[in-house]
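Colleague: Chains as they are written, first to last, in the UniProt record's numbering: chain A, 1 to 80; chain B, 1 to 80.
Take these hints with a grain of salt, some might be off.
[Unchecked claim] Quick list of in silico lysine to aspartate or glutamate cross-link-like pairs, EDC-like style, CA-CA up to 20 Å: (1) A:Lys59 / B:Glu32; (2) B:Lys35 / A:Glu55; (3) A:Lys4 / A:Glu60; (4) B:Lys40 / A:Asp47; (5) B:Lys2 / B:Glu32; (6) B:Lys2 / A:Glu32.
[Stated by the list, open to error] Below, a sample of chain A positions facing chain B; criterion: calculated Cβ distance under 7 Å: (7) Met1; (8) Glu43; (9) Glu63.
None of these hints come from the bench; they were simulated from the model. Glycine is no exception: its CB is placed at the ideal position from the N, C-alpha and C atoms.
Protein chains: 2
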Amino acid sequence: MKAKVYVTIKENVLDPQGNAVQGALHSLGFGEVAKVRIGKFMEVELDTADRGQAERQLKEMCEKLLANTVVEDYRFELEG
Amino acid sequence: MKAKVYVTIKENVLDPQGNAVQGALHSLGFGEVAKVRIGKFMEVELDTADRGQAERQLKEMCEKLLANTVVEDYRFELEG
Numbered sequence: 001m002k003a004k005v006y007v008t009i010k011e012n013v014l015d016p017q018g019n020a021v022q023g024a025l026h027s028l029g030f031g032e033v034a035k036v037r038i039g040k041f042m043e044v045e046l047d048t049a050d051r052g053q054a055e056r057q058l059k060e061m062c063e064k065l066l067a068n069t070v071v072e073d074y075r076f077e078l079e080g
Numbered sequence: 001m002k003a004k005v006y007v008t009i010k011e012n013v014l015d016p017q018g019n020a021v022q023g024a025l026h027s028l029g030f031g032e033v034a035k036v037r038i039g040k041f042m043e044v045e046l047d048t049a050d051r052g053q054a055e056r057q058l059k060e061m062c063e064k065l066l067a068n069t070v071v072e073d074y075r076f077e078l079e080g
């Protein structure tokens, strides 16, 4: 079973990496760029066919390792 | 106009960060994790209402800065 995990910085937390990329885009002539926020996109393959189990495990993985829930939000989608 | 940009490592390119995360997940007891690939997820706000222009600009931004097209693929979605 495949999952897609999205980890994003919480709305009220500063994103210096995003600000740097926004500045670089402005320097390259993309003046219309009003905001950039950078997060992570992870593809995880699980050796299980049990959807409920996969969801429970993904939630636990996100809480324990994949996201820092103090400053980041996460969500995931299961495929197939 | 808001866009979501996904940058992923090409299928035939090694992903040491993904392998490290997979190893860490195994150490935490998630033995079912068969594969992890890590990419980037970017939210970009553009000060334009012209969808065609936004698409052209996003493509150019990805080619020039957001993705390294030698080893990474990208795709984006425009909202609203």
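Colleague: Tell me if the interface restraint on A:Met1 is satisfied: Cβ within less than 7 Å of some Cβ in chain B.
Modeller: Violated. Min distance 9 Å.
Colleague: Does A:Lys4 pair with A:Glu60 here, judged by a C-alpha cut-off of 20 Å?
Modeller: Distance ~15 Å between A:Lys4 and A:Glu60 Cα, so the pair holds.
Colleague: Using Cβ atoms only, decide whether A:Glu43 comes closer than 7 Å to chain B, and label the hint accordingly.
Modeller: holds (4 Å)
Colleague: So, A:Glu63 near chain B? Judge it on the closest CB pair being under 7 Å.
Modeller: violated (11 Å)
Colleague: Can the restraint linking A:Lys59 and B:Glu32 be considered satisfied, given a maximum Cα separation of 20 Å?
Modeller: holds (14 Å)
Colleague: For a C-alpha distance cap of 20 Å, please report whether B:Lys40 and A:Asp47 respect it.
Modeller: violated (24 Å)
Colleague: Hinted pair, alpha-carbon criterion (20 Å max): B:Lys2, A:Glu32. Please report holds or violated.
Modeller: holds (12 Å)
Colleague: For a C-alpha distance cap of 20 Å, please report whether B:Lys35 and A:Glu55 respect it.
Modeller: holds (16 Å)
Colleague: Would the hint linking B:Lys2 and B:Glu32 be met if the CA-CA limit is 20 Å?
Modeller: Not OK: B:Lys2 and B:Glu32 at ~36 Å, beyond 20 Å, violated.
Taken one by one, the earlier hints fail for this structure at numbers 4, 5, 7 and 9, listed in ascending order.
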